[in-house]
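Number of protein chains: 2
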Amino acid sequence: MKKIFLVISLLSGLAYGQSSVQQLAPVNFSDVTITDPFWKSRMDAVATNTLQACILYTENRTGRIRNFEKAAAKTGKHEGIYFDDSDVYKAIEAMAYSLKHHPDAAVEKKADEWIAKIAAAQLPDGYLNTYYQLTGLDKRWTDMEKHEDYCAGHLIEAAIAYFNTTGKRLLLDVAIRFADNIDSTFRLQNRHWVSGHQEIELALMRLYHQTGNAKYLALSTWFLEQRGHGYGRGVIWDEWKDPAYCQDATPVKEQQEITGHAVRAMYMYTGAADVAAVTNDGGYINAMQRIWEDVVHRNMYITGGIGAQGKNEGFGADYALPNESAYCETCASVGMVFWNQRMNMLSGESKYVDVLEKSLYNGALDGLSLKGDHFFYGNPLASSGGYGRREWFGTACCPSNIARLVSSLGNYVYSVSADALWVQLYIGSELNTKWQGADLRVKQLSGLPWHGAVSLQVEQAPKKKFALRLRLPGWLSEAAPGDLYQYINNSVGLPVIRLNGEVIGFNTDRGYAVIDRKWKAGDKIEINFPMQVRWVKSNTALTENKDRVALQYGPMMYCVEAADNAGKAWDFIVPVTNDNAASMASASVVNYEAKLLDGVNRIEFDVLALQGSADGKSLQAVPGKRKAIPYFSWNNRGAGEMQVWLPTAIRSVKVNP
Amino acid sequence: MKKIFLVISLLSGLAYGQSSVQQLAPVNFSDVTITDPFWKSRMDAVATNTLQACILYTENRTGRIRNFEKAAAKTGKHEGIYFDDSDVYKAIEAMAYSLKHHPDAAVEKKADEWIAKIAAAQLPDGYLNTYYQLTGLDKRWTDMEKHEDYCAGHLIEAAIAYFNTTGKRLLLDVAIRFADNIDSTFRLQNRHWVSGHQEIELALMRLYHQTGNAKYLALSTWFLEQRGHGYGRGVIWDEWKDPAYCQDATPVKEQQEITGHAVRAMYMYTGAADVAAVTNDGGYINAMQRIWEDVVHRNMYITGGIGAQGKNEGFGADYALPNESAYCETCASVGMVFWNQRMNMLSGESKYVDVLEKSLYNGALDGLSLKGDHFFYGNPLASSGGYGRREWFGTACCPSNIARLVSSLGNYVYSVSADALWVQLYIGSELNTKWQGADLRVKQLSGLPWHGAVSLQVEQAPKKKFALRLRLPGWLSEAAPGDLYQYINNSVGLPVIRLNGEVIGFNTDRGYAVIDRKWKAGDKIEINFPMQVRWVKSNTALTENKDRVALQYGPMMYCVEAADNAGKAWDFIVPVTNDNAASMASASVVNYEAKLLDGVNRIEFDVLALQGSADGKSLQAVPGKRKAIPYFSWNNRGAGEMQVWLPTAIRSVKVNP
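Which chain is which? The protein sequence lines are A and B, in order. Under this note's numbering, the first residue of the first sequence carries the number 28, and numbering increases by one thereafter. Under this note's numbering, the first residue of the second sequence carries the number 28, and numbering increases by one thereafter.
Hints are computed from structural coordinates only; laboratory data are not their basis. Mixed in with the good hints there might be a few duds.
Which copy? The list can't say, so a pair holds if one copy fits it or any two copies do.
Said to hold, decoys possible - The calculated BS3-like cross-link candidates involving lysine-lysine, where the alpha carbons are at most 25 Å apart (straight line), are:
no.: 1; residue 1: Lys654; residue 2: Lys644
no.: 2; residue 1: Lys97; residue 2: Lys166
no.: 3; residue 1: Lys127; residue 2: Lys338
no.: 4; residue 1: Lys166; residue 2: Lys104
no.: 5; residue 1: Lys573; residue 2: Lys242
no.: 6; residue 1: Lys573; residue 2: Lys595
no.: 7; residue 1: Lys644; residue 2: Lys595
no.: 8; residue 1: Lys490; residue 2: Lys545
no.: 9; residue 1: Lys652; residue 2: Lys573
no.: 10; residue 1: Lys573; residue 2: Lys644
no.: 11; residue 1: Lys173; residue 2: Lys104
no.: 12; residue 1: Lys398; residue 2: Lys127
no.: 13; residue 1: Lys595; residue 2: Lys654
no.: 14; residue 1: Lys491; residue 2: Lys136
no.: 15; residue 1: Lys127; residue 2: Lys144
no.: 16; residue 1: Lys166; residue 2: Lys127
no.: 17; residue 1: Lys173; residue 2: Lys378
All values reported here derive from a predicted model rather than from experimental measurement.
I would like the entire structure built from these sequences, with the hints used as guidance.
Next comes the structure, spelled out in C-alpha cells:
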C-alpha cells in the first residue's frame, strides 16, 4: 500500500500540481487515432447508427429536446422522467467524441441546435433542469433523489467534450454558470446535500482540470464529504432506499465494502480517485483499495460485469452471481472502465487495466449490437432464449453511455508518466502527442483480440531516454486478480518481444514489461502474445458456477449460442478436468471467420452431448462438438439460448425445455 | 344446426318474448346460495381480500376515484390511463354481487361514496368519462380506441348489479342517462362508430332486459352491425392495429374464424348471443357456431385459457399454443365463461358448459391467489420459476373481473326451460327461485372437484311434472369437444344415479341425463360420478405438446410444481403409452389433503426421473414418483418451476438449468 503514496515525478501534460500521488496520466483520445480493424468497426457503428438512434429517440420519439424548448418558453408540460436531461447531455458528449475522428457536419449541426436550446433554457441564476423548470421551480433542490446534480454533472462532461472538439464554448459557459450556481447554493453556504446519484463529483474534477479553477476541486471534494453523515436520512433514504444503496451509509473514506447501486458506486469512486490524484488524500485511496478488492474478488462476473441484482440495480451478497438473471448493467461496466483507469493512474499497477479490459471487451461492449442500433440495459451470462437487445429504453442511460465510451476509446490505450510511455491496451492506433516537450508518435498494429501479433513502431520520440512499458495482460496468467476465477490449463508463458527484429529480454514491473532505452524514429517492437484456449473455473464459494467452466481467448470471454449449435446451448457438458484441460484446450479449433459477426474467432471444442434414445426413454452422453463465439457478439442473429458458464457434470436436467 | 332455430317453448321468468330462439335461461345468482366448501372459500376470499385490494388500489394507490372528484370539480390533471374508469365500475359490480350473499356495511358505504362521486361527475347531457372531461371535452368521441363506450358498458353493468342488490338507483339513473346520450349521439344520427373495445353490446342487452326499453336492444344491435364495413379504417386501425385485432375485418355475421384480441372477441360474441337470443337472428348464431369451433378445436388451451400471444393479447395461428409463454389473460377466461353460458342457452347443448367449466375451474380461477390478494394477468401453463402473481397491474382489468365472476358464481349453476330444471355445475348450493309460477327449492351437496358424490334434494317444487336435466360432464368421456385434446385411458363410464335410494335408468339428451317426473318435497337424487386420473394428449397438430401428457381429475387440470417435488418440475418423464395408460392411472394415488392449499387433491404418480450419475458424466432415467396439484392453486407457495404438460419422452435436455 505504501508505494502509492510516493510521489514519482512531474507528469508532463497535466495541468495539476507536481506533487501528485498520481503516477501516470492517460493520453487523451484526441491524440490517439484508432485504426484497429476490430475497434474501428465498433466506432464507425457508434458514429453512424448509435448516434442516429440517440438523435431519433432524444429529439423525436421522446420529449427530451422539447422539454428544453418548453423550459425556454416557460410553458408546457414536462415529458418523460426527471432525469431525462442527462441523456441529452450524454448524447452530446458522445457526438463530441465521435466528431473528433469522424467529422460529420450534420451531427455537429444537430449538436449546435440542441446546445442553443439548452442555453436558452438556462435561468439567469445559472440553474438548469427542465423537470423543475416545468413542474415548479419552488420545488428545486428539495429532493436529493431527483438527479438535479446528476444532470448537472453530465452537462459539464458534455460541455467540456464539445468545447475540446469544436472550440465552441456556448455549452461550456452554460455548464460553468450552473456549476457556480450549485457551488453558491451548497458549498458556500454549507447547506447539506447528499447527491441521490453520484456523477457531479467526477464531472467537477473535469471542470477543475479544464479551467484550472480550484473551486471545482473544492466542490467535488465537498460533495464526496457530504456522504455518510446521515444528511440524507429522513430526507430521501428512509422513504426510498437504504443509505447503503447510494453509498451513503458511512463516509467514503471509511467504507469497507461495495454496496448498493452499481453505477452510482462506480461514478463516485471515479470521482474520489480524481480528487485523490490531486489532493494525495490517502483516505480515499485506502478505502478504494479495500472496495476494489471486494468488487473484484467477490462480486464481479467473469465478463467484468457488476451489479448482480435487478432489484437494486446493484450488488448483492458476496459470491451471489447468478448467470441468467445477472443484471450487469451496461452503464456499470462503463463505470468499471472509468474507475479502473483511475486506479491504474494512481498505482501504476496493471491489474486495474486487466479489469478495465475485461469490462470493456465483454460486459460493456455486449451492451451494443454489431450495427450499433440495439442495446442491452442488462447483460446476463445465460439466456433461455427470450432475451434480446432493444432499440431504446424508458430509462435510457445505456445507449449514450456505451456510445461515449466507444467513441472515446483512445483514452484507454496509452498513458504517460515522467519517464515512460505505457501501452495499456493492444489496439491498432496512431499515437501523436506532445510529451516531455517533444513530439511523440507511435504506430501500433494489433492482431488482438483474434491473434497475438502486435507491433509498435516509433515514428518520432523525445531525444531523452525513456521506458516503454508494455502491459503483460492478466489473461497470460490468471483470469482476474484475486482468486474468484482461475485458469484450469496453464499458460504458455510470457510473450516473445523483438526489438528491430531481435528477440530481447525485459524486466517486468507491476505487470508491465519495461524496455528502457533511447528511442529513435523507426524503432520497432514486435510482441507475440501466446494465445490459447483457456478454461476458467470459479472459486467454490461462487456456487452458481459449481461444475461449470468458461472459455476465454485473449481478453474475450466466449459463449455458446444457439445459432452456431443447431438451436441449443444448454444440452451438453464439457468434460474438462484438471488432468485433461491442456489437451482439451489444444484440441479446440480456433478459427477466424471473416464473415461471421463482422469477423470473429469461433472456437470449436469437444463436448459430451446429451441426447435421448430413439424411444425417448433414456438419455446418453455422446461425444460431440460445440462452437463458441465472443460473448459481446451474441444476440446479433436473433434471440436464442446462450451460456457463458458451461456445465462439466450433470447434476440436474430439464427435459424438453 | 337446424334445431337451434326451433322455438321450444315459453321460458318462465324471462322478461323477453315467447318466440325466442333461446332454449333455457340461467337462474340468477341472487336465487342461488353457494354452500360448497371449495367455492365458498373462494367467494369469501373475494368478499374480503379481493374487494379490499380493489378498494385500496382504486381509491388510494391510484387516482381512479380522484379522477371522478376532479371531473366533478372540472379541474385537475387526469391520472392513469384513459380506460381506468372501467375498473371503478367493475369493482362496484363485484361489490354488488358480493354484497348479495356477504352483506358488509363498510363495503356498501364505500360503494355509495364512489357512486356519489361518479354521479357528481356526470355532465348534464349524460356524458361521463373522466379522461376526456379532464383532458379536453372537445376531443370526446374522436378516437374510437379510447374506450369511452367500453367504460360506459361497465358503468351499465355495475349500475344494474348495484340496483338489483341494494335497490338504490342513483347509479342506474346515471347509466341510463349515459346510454341515452350515446344512443342519440350515434344510432339516432347514424353516425358511424366502431367500438375500439367491445363491451357495450352485452351491457346494453342487460339494460334492455332490466328496463324493457327496446331502444337498448336496438343500440346494441346497431353497435354490432357497425363492424366490418371499414368505418374504422383510417380512423383507428390503420394507425394502431389491424382491423382483425378488433374483430372489425368483416361483419360479425360473416366472420369465419376467431381473430385478434381475446377479451374483445369474448365480450362481442357474448353481446351477439344476447341479441340473437331475443331477435332469433340466425346470422349471428351461425357465425358463432363456426367461431366457437375454431376457438375450441384449434385455439384453446387445455385449461380453457385462450389468447396465446402477448403481442396482441389474443389469438395466433391455429394450434400455436406454447405453454411457458401462453398469455391466457384471466379476463379472456372470464369472457369464455360468459360466452359459453350464452351458447348453452341458445342450444341446450352441454358441450358449452364443459368449456365454461374448464375455463372457470382452471384458466379463470388461476388468476386469483388463494387468499384473494394477488392476481395473474396472464396464466401460462409452464414456468421456469420466475413467474408469480402480483398485487396489482398498470392495466388493472383482471382483479375486478375475476372478482365479479367469482362473486356471481351462482349464475352458472342452474338453468330453467319451459319443462326442465337444468343442473349445469355440481356446486353445493341452495336454489330458491320462482319458476312456473311456483316456488322451486333444491339443495345440492357436491364432493366435486375432489370426489364424485353429488346429491340434490328437492325441498319445494311446482306440482306439474318436469324434467331434471343433469349435465353429464365432458370429463366423463372426452376432454373437450372436437379433437384438440383426447384422453389416453378410457373412461369408466356414466354415473350411477339414485332416486330416493334406488338406482334408476335415465335417458340422455344433448349431454344431459333427463329424469322426467312429478317431483315432490323430499325427493332426493344421488349421483356418483366415476372419478379417475385421466391422461390427456393433444392433437399432433399442436406440436408444442408433442410427447407430452396432461393430468386431469374431474374438471381440474393438474400441474407439477416445484414445491411438492424437491424444487424441480422439469426433470422427469411420464412413461405413459396407450397400452399402460389405464394401469398408470389406477396406480396413481389421489389424496385429499385438507391442510394443503386450503384443501386440494394431490395426485402422486409414477415417473422416470432423470438424474446424473455420481461422476456427473452420464444420466439415467430411474423410476420415481412426482406429485401434482390442481393448476389453479399453483404459485401460492412462492415462485418455482411448474408444468401442466409433462414430457413422455426425452427429445432434448437442458443440463443444470
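Checklist entry - Hint by hint, which ones does this structure get wrong, listed from lowest number up? => result Structure breaks hints 3, 5, 14, 16, 17.
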